[in-house]
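As they're listed, the protein sequences go chains G and B.
For the first sequence, position 314 matches number 314 in my numbering, and the numbering has no gaps at all.
So the number in my numbering is just where the residue sits in the second sequence, counting from 1, plus 1000.
Quick caveat, the hints were computed from the structure, so don't treat them as lab data.
Accuracy of the hints is not assured; some may be wrong.
A few chain B residues that face chain G, going by a derived Cβ cut-off under 10 Å, partial list only [said to hold, decoys possible]:
#1 Val-1262
#2 His-1265
#3 Leu-1269
#4 Asp-1271
#5 Arg-1275
#6 Ala-1370
#7 Pro-1374
#8 Pro-1378
#9 Lys-1405
#10 Val-1407
#11 Ala-1410
#12 Ala-1431
Ranges of calculated distance between the beta carbons of each label pair, as one might list FRET restraints [as the list claims (entries may be wrong)]:
#13 Arg-1358(B) / Val-355(G): 49 to 59 Å
#14 Pro-1378(B) / Ala-236(G): 42 to 52 Å
#15 Thr-325(G) / Thr-1217(B): 27 to 37 Å
#16 Asp-271(G) / Gly-1022(B): 21 to 31 Å
#17 Glu-1401(B) / Glu-185(G): 33 to 43 Å
#18 Asp-281(G) / Glu-1401(B): 50 to 60 Å
#19 Glu-53(G) / Glu-1365(B): 21 to 31 Å
#20 Ala-85(G) / Val-1355(B): 35 to 45 Å
No residue lacks a Cβ here, since even glycine has one placed at the ideal position from N, Cα and C.
Each chain, letter by letter, is given below.
Protein chains: 2
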Amino acid sequence: MVVIGGDAAGMSAASQARRLKGPDALEIVAFERGHFASYSACGIPYWVSGDVERRDDLIARTPQEHRARNIDLRMRTEVTRIDVAGRRVRALDRESGETYWTGYDKLVIATGARPVRPALPGMDAAGVHGVQTLDDGQALLDSMGAPENAPGRHAVVVGAGYIGVEMAEAMLKRGFEVTVLNRGEQPMSTLDPDMGRLVHEAMDGLGIVTVDGAAVTGIVAGPDGRVREVTTEARAYPADVVVLGIGVEPETALAREAGLPVGAHGGLLTDPAMRVRGHEDIWAGGDCVEVLDLVAGRSRHIALGTHANKHGQVIGSNVAGGYGTFPGVVGTAVSKVCDLEIGRTGLREKDARAVGLRYVTATVESTGRAGYYPGAEPMTVKMIAEYRTGRLLGVQIVGREGAAKRVDVAAVALTAGMTVEQMTALDLGYAPPFSPVWDPVLVAARRTVAAVRGAGAA
Amino acid sequence: MVVIGGDAAGMSAASQARRLKGPDALEIVAFERGHFASYSACGIPYWVSGDVERRDDLIARTPQEHRARNIDLRMRTEVTRIDVAGRRVRALDRESGETYWTGYDKLVIATGARPVRPALPGMDAAGVHGVQTLDDGQALLDSMGAPENAPGRHAVVVGAGYIGVEMAEAMLKRGFEVTVLNRGEQPMSTLDPDMGRLVHEAMDGLGIVTVDGAAVTGIVAGPDGRVREVTTEARAYPADVVVLGIGVEPETALAREAGLPVGAHGGLLTDPAMRVRGHEDIWAGGDCVEVLDLVAGRSRHIALGTHANKHGQVIGSNVAGGYGTFPGVVGTAVSKVCDLEIGRTGLREKDARAVGLRYVTATVESTGRAGYYPGAEPMTVKMIAEYRTGRLLGVQIVGREGAAKRVDVAAVALTAGMTVEQMTALDLGYAPPFSPVWDPVLVAARRTVAAVRGAGAA
């Protein structure tokens, strides 16, 4: 078993295969081109913010721990070619410069994603940082300087998706004046614009300057080579540090060169067993694959550690001769900016239109606890259901404590293909510290039922 | 439309019917024998604790507000007879002593539940209080005296179910030394004993003395007529205040006398439209009915405001000529004792045995946030699945922040009839502040899959 990529998907696959096969029955070699394996990239914003103290806290399992379980993990070693016909991969040891071929019976491709880095003037200025890897995070922390020097200094975050808003919080916590430059109409383009607007307003309230419709045109460095400002078509923003949070795309160059099938979003195409289509002994998982969107009925690309871990489990089971499948996703994501919570699952309005579904929506205001209970905070729940059938299509929630994870209820309902009318009868936990007597999700379902039935009825 | 009982189920039914019918098309009369209508009995512990400041905060809608919507709500008026053949009810005005008959076309029975009050010596001593109604709560608060006098005084809570543990927290917050006398093997008999034990341990840690296997034999009053101690077979416990939190049973004497069908648990039997079985024009809902347990396939009695509100909605819709059904419950309940959270849904082991199901279980330890994220608190998740088929049967969670409401995911999965293997692929929200990369429910599902498959496999 040869694994390309030593992070969540690859090492989960290796570990699961080792667990099922026992310590000796399978030779496992894993190649990782970077300095770290099995770490939580999703945790980087919280390390940069100071919430997580030590980089090593983000490392789930060290190379030594993998090796102790008889997984031959080769760090700083990049696979530079896959020879499908010859069932072998070519590896480059980045320390020694040595290259060599290794044969495989079973191959697992877990090459992950790479950050989108627009080719803009000045991108190589000192103080411009991605936050994709632990190395990136360390470089940013080194570049930020001491916290006591932060007040009055400016951090510009480019992008207002999950990474962008999480990094905005991180830089705010580090004492910077934070500006988020967002190309889109509203922050969080994974939400509908009406819900994104709530995020924008909340970010204003937190003291984060968010500029929508701001396409970055360049980065201007000072004579010392360090970033001084970020320019858009409209104006220039002073910047002592720039964080790029523009998203990622599947890292599949190697797989493409090997002739493996890649989809419309650039990710490898697999079957539900995570086997690369048309290739009996090659699996792929994590940020480099496309997954089936169970609601839209189409394939899409989502880079998320929780999916990567599931893929790895499935691959490891199958490689070891067991059985596992990854049926697909419903598009659940949760995030926060300081005490603002954001959750979403399923289709946005524009996703529904894109796949030819007609729909109705309803948006309600509720609270995370009984209204009379201390700390009851408002939340806004938007629900989308198919026209006529009333089948749930999506839910978006923006609010405070208890808002984000409430989308999990909708995620299960989407998976089960429930209608919003069925959802109104769901037996969700109720007690005043945890929910109003009608949970916000139930309130939204009731209102959406009324929308499905047409105006007037309730 | 005549409604007997002016709390959650009855007034929800009246309000929904009024909403659908418009202000004038239906005459609605509602009788409430107490001083309050439409209030949150579930909120009483938090009012007693001081978390909720004012009694009126617990009142969702005043009698005046109901009357303003053309609902003729008659307070302090008890229905003393239902004449099914004559389609009329006899009312007793408790202020004036006057009785009169009122005819109905549609009758709604929402008589609620009454607290179980064991016939023990000394129960009428001053300082012995139930917490079923707002009047009860006020009497308890009056009886407790000023907070500055609390230290060193003893509160004995009889019963360790939801009300018992919530009242233990309330009395602790008010500064009392709190002892909980629990007849059962462990607190929270709605949990399996292994999970109840965790609650016991946590209550110990909070400084609440919990005595299991303690059947109260009597209450001893001092010469002033005020409670002085509570006795069990084993010993006597000093008590300045006694709170009875022993649970409730359906209040159906009136309905029984009228010949309406009552089930094995003492609750009225209805069809899914909440129509009393065999009676075209009589509906019943809330704490006085039995509901279908969708997992066990049997009827049971659950007194919970969230169900009562749903029943009322369904009844109001149907009385108004619309359509609504209440398909049943899966037995979800959440509670907390200080920062300890408790959630449960579906069947306990003994419930599964009682309905002849064979099952497997798995119990896992996890955290509510990524392990490295500040404030990640432990939680224990127990999952029960049917032997062979792997169908989810129940989930119990005991932990800290984020533990209780996680049962909602299982509640939806139970409703959808999912297997634990299907659950392992659920797309639940992941980000470090909200969940480990494998949500605790997914970890439990994976472990339960292994249990279903038999030892060894994972």
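- Query: Against chain G, is Pro-1378(B) within 10 Å by beta-carbon distance?
  - Reply: Interface hint status for Pro-1378(B): violated (17 Å vs cutoff 10 Å).
- Should the interface hint for Ala-1431(B) be scored as holding, given a Cβ-Cβ cut-off of 10 Å against chain G? With Cβ-Cβ at 5 Å, under 10 Å, it holds.
- Identify whether the interface hint at His-1265(B) stands, where standing means a beta carbon of chain G within less than 10 Å of its own. Hint on His-1265(B): violated, closest Cβ of chain G at ~17 Å, above 10 Å.
- Query: Close enough to count: is the Cβ of Ala-1410(B) nearer than 10 Å to one in chain G?
  - Reply: holds (9 Å)
- Task: Confirm or reject the claim that Asp-281(G) and Glu-1401(B) have a C-beta distance inside 50 to 60 Å.
- Result: For Glu-1401(B) against Asp-281(G), whose Cβ atoms are near 45 Å apart, the range 50 to 60 Å is violated.
- Once the shortest beta carbon distance from Asp-1271(B) to chain G is found, is it less than 10 Å? Status violated, d = 15 Å.
- Double-check Arg-1275(B) for me: the hint is only fine if its C-beta lies closer than 10 Å to a C-beta in chain G. violated (16 Å)
- Message: Just to be sure I understand the hint, the distance between the Cβ atoms of Pro-1378(B) and Ala-236(G) should be within 42 to 52 Å; is that true here?
- Response: holds (49 Å)
- Hint check for Glu-1365(B) and Glu-53(G) - Cβ pair distance inside 21 to 31 Å: Hint holds: Cβ distance 23 Å, inside 21 to 31 Å.
- Could you check the hint for me, namely that Ala-85(G) and Val-1355(B) are 35 to 45 Å apart, CB to CB? violated (58 Å)
- Message: Would the hint on Ala-1370(B) be counted as holding, given a Cβ-Cβ threshold of 10 Å to chain G?
- Response: holds (6 Å)
- Per the hint of 33 to 43 Å, is the separation of the Cβ atoms of Glu-1401(B) and Glu-185(G) within bounds? Once the Cβ atoms are compared, 35 Å apart, the range 33 to 43 Å for Glu-185(G) and Glu-1401(B) holds.
Going through the hint list in order, the structure does not satisfy hints 1, 2, 3, 4, 5, 8, 13, 15, 16, 18, 20.
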